[in-house]
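**Q** Residue numbers for the sequence shown follow our numbering, so the first one is 1 and each next one is one higher.
Hints are computed from structural coordinates only; laboratory data are not their basis.
Watch out, some of these pointers could steer you wrong.
In silico PhoX-like pairs for lysine-lysine, Cα to Cα no more than 25 Å straight-line [as the list claims (entries may be wrong)]: (1) Lys167 / Lys218; (2) Lys131 / Lys89; (3) Lys357 / Lys277; (4) Lys131 / Lys226; (5) Lys428 / Lys339; (6) Lys339 / Lys357.
As the structure is a prediction and not an experimental result, all values here were calculated from the model.
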Amino acid sequence: TTEIYTLSLHDALPILNRLEIEKAQLEDKLDGLRREMKQQNGTDSANNQQAFNDLLVEPVCLSNREFSDDPVPTDEIQALQRFQDNLEKEGIIFHERVIYSFHTSLKCAAINPLTVLAGVSGTGKTLLPIKYAKLMGIHSLVMAVQPRWDSPQDMFGFYNYLEKRYKATDLARALVRMDEYNNFRQLNSAYKNRMLLVLMDEMNLARTEYYFSEFLSKLELRRDVKDPSIPSQRKDAEIVLDLGSEGTEASRLWVGENILFVGTMNEDETTQSLSDKVLDRSNVLRFGKPANRLANDNIHFDEPLKLQGQLTHSHWKSWMNNPSGPSPWSENIANWTEKVNLALEKVGRPFGYRVEKAIRAYIDNYPGVGSGQIYKQAFADQIEQKILPKLRGLELSDSLTAECLGDMEMVIGELRDDQLSDAFQQAKEPNNIMFAWHGVSRH
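Please work from the sequences and hints to get the whole structure.
**A** In structure tokens, the structure reads:
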């Protein structure tokens with residue numbers, strides 16, 4: 001027995017020695033892996049700090065240098081008159097009705113988040129919003145829509161998972177700064193009371209449903225949020241950005257009513273038509289013949305125009321009108337609205353509560369609506385922008401179409417708007433097979 005034990009112990013020693021060597025080697029490898037992990041963690045931490053650097057770049061559109069130090073006129077009509085006067089000094093003429101209509105549409109962004117300027121090329125659709133922002137003291141961002149746009153990433157940017165970096169657009173950079181509730185790296189303190197007009201130029205070069213429809217739904221949901229300072233209430237109306245696994249701090253964005261959205265669209269064979277969803281949530285201003293022309297061919301500028309002071313969101317909200325009770329014109333508006341909807345029902349195109357509410361909001365916020373018969377002018381605008389486009393394509397030979405158009409003609413006659421009446425007659429003239437609405441050319 002003693003021999004066997006001695007032999008076994010003798011044979012086991014080499015094995016034990018080999019195991020000791022392997023243990024030492026494994027411990028060395030483990031130490032090396034720990035060093036690599038520590039180094040990698042440090043690199044990841046640095047990369048995470050740099051992942052959103054592109055969002056931290058201040059967009060040019062929020063620069064203060066473009067505004068003067070002059071105070072903004074406190075009176076809304078005075079501010080609009082100053083805007084119109086400055087346009088004329090530059091030799092640009094827009095009819096007052098067009099200016100008031102555009103301005104009022106922007107004020108109704110809570111219920112109609114998008115203002116669309118439609119028509120043929122060269123009618124001043126892009127010029128009006130750019131000049132409005134510049135001369136009213138509002139920051140502006142022009143986004144040239146491309147035919148290849150097919151997702152919200154084209155508007156906001158995207159997270160590159162290979163580079164582990166977010167590729168931001170100027171719109172995304174502006175939104176993270178103007179969000180007054182989700183404070184991304186303390187960026188919003190200097191921006192949340194500013195105004196920004198976002199112009200999507202030639203927005204129907206691509207299908208709007210692909211890149212903007214979801215965002216438009218979020219904007220519409222804002223009006224159902226009672227208290228946006230409560231995260232659970234504003235959650236459904238927030239934009240969610242894909243910022244990768246490390247981007248939870250800025251993945252949600254609240255787009256407030258201090259950001260206004262305008263789109264231009266050329267109506268020709270090279271563009272896409274807007275869906276009913278987009279149109280129902282928009283005010284559509286159609287431009288006929290060119291609205292911008294030289295007031296004087298020999299005009300000269302002795303000195304640069306002095307621009308407007310910066311318009312704050314607080315100032316903008318002071319121009320808003322949200323009446324708690326009936327207005328003096330409420331009964332007339334209700335009667336006309338009912339007549340119009342009954343007329344549209346005859347051809348299967350009635351409108352719902354959203355449109356009715358939008359019409360009322362537009363009239364209540366029209367500048368000077370409390371004076372005389374201005375409310376008729378405002379209602380005529382809504383007939384032009386929201387109602388008559390619904391009748392496009394109706395066959396004029398159909399008896400129900402004739403009844404509908406006859407009822408509409410009676411309402412339009414009560415509004416005393418000759419230019420609207422003339423445009424309506426042209427749209428249904430006997431030479432047309434279908435009702436062809438092209439808007440009103442104001443001059």
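**Q** Now look at each hint and say whether the structure bears it out.
**A** Going through the hints against the structure:
no., hint, result
1, Lys167 / Lys218, "holds, 22 Å"
2, Lys131 / Lys89, "holds, 12 Å"
3, Lys357 / Lys277, "holds, 16 Å"
4, Lys131 / Lys226, "violated, 34 Å"
5, Lys428 / Lys339, "holds, 19 Å"
6, Lys339 / Lys357, "holds, 16 Å"
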